[in-house]
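Protein chains in written order, with this note's numbering: chain P, 7 to 256; chain Z, 6 to 136; chain F, 103 to 216.
No lab work stands behind these hints: they were computed from the structure. Just so you know, these numbers come straight off a predicted model, no measurement behind them. Idealized CB from N, CA, C, for every residue including glycine. Worth double-checking, as some hints may not be accurate.
Across the chosen pairs, the derived CB separations fall in these ranges [as the list claims (entries may be wrong)]: (1) Z:Met100 to P:Pro29: 55 to 61 Å; (2) Z:Phe49 to F:Asn195: 19 to 25 Å; (3) P:Asn173 to Z:Arg26: 14 to 20 Å; (4) F:Val110 to P:Met67: 42 to 48 Å; (5) F:Thr214 to P:Val242: 50 to 56 Å; (6) Z:Thr17 to P:Val69: 31 to 37 Å.
Here are the simulated DSSO-like pairs of lysine-lysine, each with C-alpha atoms no more than 27 Å apart in a straight line [stated by the list, open to error]: (7) P:Lys197 to F:Lys107; (8) F:Lys107 to P:Lys246; (9) Z:Lys28 to P:Lys152; (10) Z:Lys94 to P:Lys225; (11) Z:Lys108 to P:Lys225; (12) Z:Lys28 to Z:Lys108; (13) P:Lys246 to Z:Lys98; (14) P:Lys246 to Z:Lys28; (15) P:Lys86 to Z:Lys28.
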Amino acid sequence: MSTRTRQLELEVMRYDPEKDEAPWFQTYTVPCLEDWVILDAINYVKEHLDTTLAYRWSCHMMVCGSCGMMINGEPSLTCKTFIRDLPDKVRVEPLENFPIERDLVVVLDDVIQKLHQVKPYIIRKDDPPAEDKEYIQSRGSLAKFKQLTMCINCMICYSACPQYGLNKDFIGPAALTMAHRYNRDSRDQGKSDRLNILADHDGVWDCSFVGACSEVCPKHVDPAAAIQQMKVDGAVEFWKQKMGITGDKS
Amino acid sequence: MSRRPYIRPMSTTTWYMRNGRYKVYVLRELTSFLVMFYSFLTIFGLAALAASPERWNAFLASQQSTAMIIFHGLALLYFLFFQTFPWFKLAPKAMPVQLGEKKLPDSYIIIGHYAAWAVVSIFIFWLAGVI
Amino acid sequence: MAIAKKAVVWGLFAAGGTLTSFIFPALIALFLVIATGNVPEGLQFEQIHSFASSWLGKACLFIVLFLSVWHAAHRLRVVAHDFGIRKDTLVANAVYAGAAIGTVLAAFYLLTIN
Chain P
7 MSTRTRQLEL EVMRYDPEKD EAPWFQTYTV PCLEDWVILD AINYVKEHLD
57 TTLAYRWSCH MMVCGSCGMM INGEPSLTCK TFIRDLPDKV RVEPLENFPI
107 ERDLVVVLDD VIQKLHQVKP YIIRKDDPPA EDKEYIQSRG SLAKFKQLTM
157 CINCMICYSA CPQYGLNKDF IGPAALTMAH RYNRDSRDQG KSDRLNILAD
207 HDGVWDCSFV GACSEVCPKH VDPAAAIQQM KVDGAVEFWK QKMGITGDKS
Chain Z
6 MSRRPYIRPM STTTWYMRNG RYKVYVLREL TSFLVMFYSF LTIFGLAALA
56 ASPERWNAFL ASQQSTAMII FHGLALLYFL FFQTFPWFKL APKAMPVQLG
106 EKKLPDSYII IGHYAAWAVV SIFIFWLAGV I
Chain F
103 MAIAKKAVVW GLFAAGGTLT SFIFPALIAL FLVIATGNVP EGLQFEQIHS
153 FASSWLGKAC LFIVLFLSVW HAAHRLRVVA HDFGIRKDTL VANAVYAGAA
203 IGTVLAAFYL LTIN
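Just chain P, same shape as in the assembly:
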């Protein structure tokens, strides 16, 4: 493990709702170890330079999704962004497309509401099994949606998505991917309950396949792919209903 230090100049966006009209930048010089991630540098600021800095973080291991920020304009998990991949000057800003609560903390109410909106749970239409048995699911069935379960709700995809930036009504990558995850789960029977996501003009159809969401996703969930698959499902569903193949009445 390297113990050489590197001086990083962090330009951090500050905003105190009680004092500031608008956000501003404060610069900190941080002595970093070579193998640090940028979160380590921010923690150093908090501990040694400026205890007033507000930001979210928790696990420091890319599973909790708390520490998303813009690093030199790129939406990133700060616990996954190594300083060896960064220049000496680093601009740290709160996640794009979200209102700023304070300093690096953003308001996530909108996306939380959207996650609820997509009904992200197993929906059964028939009765549960008579005995206390689990639902059988083959590995092949699991493979169909396993990648989609990897989402840690970091919401970085919403920062990357320009369509969400242009229209906050768009349900957005993570929430849509969550819906797709359940639609593709063989234990779920709630596809028609989630159909409003397809039908709604703020649903999948607002996506223009920019693909930025998938590029920034730290868990490689590939929300862009999930949304395109939902569009295909929607198109197929329409023709099935037209030809009366499904049980649903249109």
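Keeping the supplied structure of chain P fixed, place chains Z and F upon it in accordance with the hints.
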């Protein structure tokens, strides 16, 4: 403590200048102008074809200039690199093929697209008598 | 049913996009060849006229043009939105009208080639 969330403005007209990813996306979407252009150019060709041999030859002649060589050449390159190739690269995302526990690798689907494209193009060139 | 319009529109867009991705490079290349002054055999009046006279030829040309103009129209609608033109209904009507005009013209000219 009072809350006063700050909303950062986003330009609806120049947001794509923010990074390279967005610029590439916009260039990709602008190929739709080419699709519209060549569709209508072909329709005008059909109009000439329907009229008379003289009108058809005049239509062909209207394409014959250095300017049009440059235009069609650039259009071809732009279309290939910002429509056809990106479309092939993104196609596997919309059509995942499950094989037991594994997924068919994207590269198979992409290569399949290139192969089909080569066959279709050769066929069109053969029909047109270019080869 | 709201799903109807969007699903159909997107379906046309996707089909058109796939088709144009495969066919348009060759189409543009043919224009390029013509531009150099060499008109290949198959594009001489007799050949192409007989191709366009056949029902197979008409069907192929119509499907290509129909899907292409609808693909382009829908995409131009999204482009307008991306460039800050937010009057979506107005834009949609304009681009789809353009596609409709293209479709009708294509059908008309094809039908008159005998």
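Evaluation of the provided hints:
no. : hint                             : verdict
1   : Z:Met100 to P:Pro29: 55 to 61 Å  : violated, 43 Å
2   : Z:Phe49 to F:Asn195: 19 to 25 Å  : holds, 24 Å
3   : P:Asn173 to Z:Arg26: 14 to 20 Å  : holds, 19 Å
4   : F:Val110 to P:Met67: 42 to 48 Å  : holds, 46 Å
5   : F:Thr214 to P:Val242: 50 to 56 Å : violated, 37 Å
6   : Z:Thr17 to P:Val69: 31 to 37 Å   : holds, 36 Å
7   : P:Lys197 to F:Lys107             : holds, 19 Å
8   : F:Lys107 to P:Lys246             : holds, 15 Å
9   : Z:Lys28 to P:Lys152              : violated, 32 Å
10  : Z:Lys94 to P:Lys225              : holds, 21 Å
11  : Z:Lys108 to P:Lys225             : holds, 18 Å
12  : Z:Lys28 to Z:Lys108              : violated, 31 Å
13  : P:Lys246 to Z:Lys98              : holds, 22 Å
14  : P:Lys246 to Z:Lys28              : violated, 38 Å
15  : P:Lys86 to Z:Lys28               : holds, 26 Å
Violation of the numbered hints given earlier is confined to hints 1, 5, 9, 12, 14; the remaining hints are satisfied by the structure.
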